[in-house]
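Engineer: What follows is each chain in one-letter form.
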Amino acid sequence: AQKITQTQPGMFVQEKEAVTLDCTYDTSDPSYGLFWYKQPSSGEMIFLIYQGSYDQQNATEGRYSLNFQKARKSANLVISASQLGDSAMYFCAMRENYGQNFVFGPGTRLSVLP
Amino acid sequence: NAGVTQTPKFQVLKTGQSMTLQCAQDMNHEYMSWYRQDPGMGLRLIHYSVGAGITDQGEVPNGYNVSRSTTEDFPLRLLSAAPSQTSVYFCASRPPLGELFFGEGSRLTVL
Numbered sequence: 448a449q450k451i452t453q454t455q456p457g458m459f460v461q462e463k464e465a466v467t468l469d470c471t472y473d474t475s476d477p478s479y480g481l482f483w484y485k486q487p488s489s490g491e492m493i494f495l496i497y498q499g500s501y502d503q504q505n506a507t508e509g510r511y512s513l514n515f516q517k518a519r520k521s522a523n524l525v526i527s528a529s530q531l532g533d534s535a536m537y538f539c540a541m542r543e544n545y546g547q548n549f550v551f552g553p554g555t556r557l558s559v560l561p
Numbered sequence: 875n876a877g878v879t880q881t882p883k884f885q886v887l888k889t890g891q892s893m894t895l896q897c898a899q900d901m902n903h904e905y906m907s908w909y910r911q912d913p914g915m916g917l918r919l920i921h922y923s924v925g926a927g928i929t930d931q932g933e934v935p936n937g938y939n940v941s942r943s944t945t946e947d948f949p950l951r952l953l954s955a956a957p958s959q960t961s962v963y964f965c966a967s968r969p970p971l972g973e974l975f976f977g978e979g980s981r982l983t984v985l
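Chains as they are written, first to last, in my numbering: chain V, 448 to 561; chain G, 875 to 985.
Since the hints were derived computationally from the structure, they do not count as laboratory data.
Check before you lean on any hint, since a few could be wrong.
As the list claims (entries may be wrong) - To spell it out: a stretch of chain G is covered by chain V in this simulated footprint if at least three of its residues, at any positions, have a beta carbon under 8 Å from a beta carbon of chain V; those stretches are: (1) 918-928; (2) 960-973.
Stated by the list, open to error - To give a feel for the contact side, a few chain G residues facing chain V, derived at Cβ under 10 Å: (3) 911; (4) 914; (5) 915; (6) 933; (7) 935; (8) 937; (9) 938; (10) 942; (11) 977.
Note that the structure is a prediction, hence the values are computed from the model and not measured.
Just so it is clear, CB atoms sit at the ideal spot from N, CA and C, and this is done for glycine as well.
Please build the complete structure, drawing on both the sequences and the hints.
Structural biologist: Structure below.
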């Protein structure tokens, strides 16, 4: 069965610094996708970044990058140059390509300090 | 760009009452789903659908019903609300192999 683990319930980072949010996953499917979502205090779910299991390079989207270590089954989100607006809940999720559904981790609450 | 639209945004029910959360998407996605979000537990899948006329259970289906008569609409019904169903509910849809597109969420309180 799919499973996502996010071991950091809360994280603090100073404005303009980089921060890494951890995500480990478990699957027996060789083909899968990993996703990160941001949920600000307003409540909406915002898609940030995607990594496919066969992608050779780590995904990047602006200040977001995904540190994908397939052998370790980890897909950590790196946010560079943190901004106050990055304060939010962050969810890691996975979908096996032969499955239909996403599985979400419990989330990490990031607080950016001025 | 409407995307995924959920209504209502807020609802208070008494134990035993019924209600329907509406969800509509205008992206022609075959896949639609309902999640509930509870503190410390992430999002858990309630029901999902891979096309009109097809629905299936997710991780936490008890107490909820769904139907899918059209590609656009995927309502979630609570037949007899219980305090344990107090939660934030999200409807989401996706294209094949793509990311989930979420509605804005519906906060439900059952007294």
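Engineer: Which numbered hints does this structure break?
Structural biologist: 7, 8, 9, 10
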